[in-house]
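Visitor: Respectively, the protein sequence lines represent chains D and V.
Quick note: the first sequence, position 93, residue 93 per this note's numbering, numbers continuous.
Quick note: the second sequence, position 23, residue 1023 per this note's numbering, numbers continuous.
Hints in this document: simulated from the structure, not taken from any laboratory.
Note that CB positions come from ideal geometry on N, CA and C, so glycine has one too.
Hints should not be assumed to be uniformly reliable.
[Said to hold, decoys possible] So the derived list for chain D, only partly shown, Cβ under 10 Å to chain V, looks like this:
(1) G108
(2) C110
(3) F111
(4) F114
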Amino acid sequence: MKYDMSDYPLKLEGDNVPMVRFQNVTKKYGQLTVLDGLNLDVAEGEMVTIIGPSGSGKTTVLRMLMTLETIDSGVIYVDGEPLTHMEKNGRLVRASAAHLRKIRSKIGMCFQHFNLFPHMTALGNCMEGPIQVLGLSKEKAEKRALELLDMVGMAEKRDQHPSRLSGGQQQRVAIARALAMRPKVMLFDEVTSALDPEVISEVTSVIRSLVDQHNLTMLMVTHQIGFAREISDRICFFFAGQIEEQGAPKILLDSPQNDRTQQFLSAVLDAN
Amino acid sequence: MPYLDFLTTYSDRFLDGTLITLGQFGLAVLVAIIAALISGLMKMSHSKTVRATATVYIELFRGTSLLVQLYWFYFVLPLFGFTLEKFTAGFVTVGLCYGAYGAELVRGSIQSVPKGQWEAALALNMSPAARMRRIILPQALVTILPPWGNLMVEILKGTALVALISVADLMFETRQINNNTYLSAQAFGTALVIYYIFARFMVTPVMRWLERVMARKIGRM
Ligand SMILES: Nc1ncnc2c1ncn2[C@@H]1O[C@H](COP(=O)(O)OP(=O)(O)O)[C@@H](O)[C@H]1O
Ligand SMILES: [Mg+2]
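Looking at chain V on its own, in the form it has when it is part of the complex (with noise of 0.2 Å):
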């Protein structure tokens, strides 16, 4: 079959897997963000437990593979009467595997912006959470923008896992594609190139231009 010819045939199929691969990436990002703000902060927390509890987070969550943790999420907790459906538990695990990785970003852009600032925030007399709020975490996000842009791509990529707990995302669908038709080739050629257009043309550049934005909020341009 000529390559044209799959591409009409099959293009429903891509299209949708290409869609439930967003909805993956985009939620992952968004449990990705608040996993890693959340265990950053615990990081430096003044509390012994409460950084303990983080580091522990950290350490499972970066220290295991992605895909035993969605199985984890997807086969093993049920056993433990905490079921989640196939995408929920999908994004929900790439997200926390991310966000240990962000974690370490979080507490470095925070330690990035200087003494300086904080003591500033101070002698206002702003209270703590005010200073981070307000001071320190809109010049963090400076810092982490290109870090994150980077880990962005990683949860991009590591979706593509959760065709193995039969989420039908656009790797799902690949597979199904070559399962029917043996075109290999043709077949993850094409989901080749659906990731890396979303990776190199959508993902880093979005990401390039949030970088130029907050450089000019804070008059760095």
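Bound-form chain D, shown alone (with noise of 0.2 Å):
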């Protein structure tokens, strides 16, 4: 199928802007389609979260949304605008990496396996974007840094290198360094799969507040069923790259419609 730009509005306007929006993106690896005309509208302040067998393009989902992947086709919209394009003469093409720059500085993520920076602190570590990228002083950075690492109950281990803290703990400091951007979107990919089953919690307690106290726009990818049925506004159930069914949590998790999805809700129920 041939795509035309021009299918694509310059600018989302009107009264339900969505915060983020997929249309019809596709994004391949060589020959294997790994996402196929993805739709997705989030909400502003929404809580989405994505289920889905391994491989299904989840974590592809997010990637390309942090820009660290490109599309292949499609435009992914940020808060109304273009991001993975932007407006030349009237038309849209691909974004500049001045644009990406621009537009990303909405979006921040957590990965699974943390990736803190490890020849700084945990204070270091949620200091260094908002100085480097903000311009922020050192002062005011350290300020936003430690209001930060409190509220993620790590305040204290803020002199401790990476390798001195748990995965939890990492995990904590990795969200607190990425709200220190001060995003409109956050993403969690696997947050607390590589975690040990009894500091999961430390983990799911922080993004549990984030949803109770901000305005942020999330978009989480998990295995943890309890924990997004509590949470999430509504979840996408993924399905070799498409989304196979998404509901709220209620009706997708308790009344699936979906075969597939029915399948993989009760081999995740089984394995728990």
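Fit the two chains together into the complex; they arrive one by one in their own frames, and the hints show the way.
Guide: The following block contains the structure:
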């Protein structure tokens, strides 16, 4: 199928502009089509959880939104503006590095393996972006970082390097680091998958408090169905690069319509 | 002549030569660091031309002998109207030669930094320059230090060749003493010991110490 760029608006306008929109997004790795014409809107302040079998493209969705992957066709919009593209002479063209930097500033991400900077302390990790990217003074960056470390319960460990922290502690610092950039959209890619079972709740309780206290828009990939049920506004079940079924947690989890959703859920629930 | 008398007679000249060798070594290390960093980064550029330029430099300097390079810089370049004073020609050539070896170390150490570090820095919206300077290079430094220590010893040994373009380094002075006295065993034996002491008791321990400091900074100790 051929896509015509004129099918995509230059800007999203009107009353219900979503914070994130994937419009007809396709992603291929060589011959393998990982995402096939994905359409997904996430409203401002909404918490959307993505579940689905391994390899179904969940991580790819987040990585494209974080601009860690390019897309093959379609357009991603953030806060009404195109992310993957930009306007030039009344048409959408591929985004320049400068445009990507501008829109990317609205997005933050936490990774499965934390990816903290090992040569910096917990505090240093949280100050780095604000100083280098936002141009904050050292004092302001430190104040902001300390507030966030306090919020995730890591203020006491501020001077520790990541190698001295447990997985759960590292992930909490990583959340503070991302929040220090004041993103509008937060992405969580299986942030508890690498953790020992007994520390998972350290991290989920931080995410839960974000849902309660902030007007953040969040996209989360997780295998923790119970947690997803508790905090999501909507759950999307991914299968082979497409949204097979989606809906409010109660509806999707308790009475899934789709066979594949049912199979996946019973397999996951059996495993737990 | 007893060895002690030999030493007292010629200690000044050994000392002068040693100081010149140290100067050559220090400056060559500086040139090598800069050349290795620039060409190592160029090797990873997206631009084919930039990569090719680095490859030509690395191949040329690794594929030919340091002695021939020294002669080129000192005797041939002036024919093209580009004259270097012999002291400068010496450390620049030695530095460029070992910088070409260092380039691969730089590239390898940068590539050894986990991909997740680049991605985390990008997710914080850091510019490419800030990512490299603040996140990647400090971590690459930890990996590059041990092999770089070996290269430093090679550089020290390599500086002995500058004697052949008449830089009055330790080797040069030693040969002069030998020519005057015919006390080959004493003369070259002394030089041998001095080179060895510098390599094993100064360069290597300093590099080890740096390795420990950097490892501690990165929180691995
Ligand atoms: N860099 C890559 N190169 C090639 N294939 C990839 C790459 N990244 C992901 N894939 C493939 O894309 C598919 C979707 O991957 P991913 O989004 O990570 O799935 P999930 O997160 O749902 O497990 C998988 O089949 C995976 O093997
Ligand atoms: Mg995944």
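Visitor: What are the numbers of the hints that this structure violates, sorted from low to high?
Guide: No numbers; nothing is violated.
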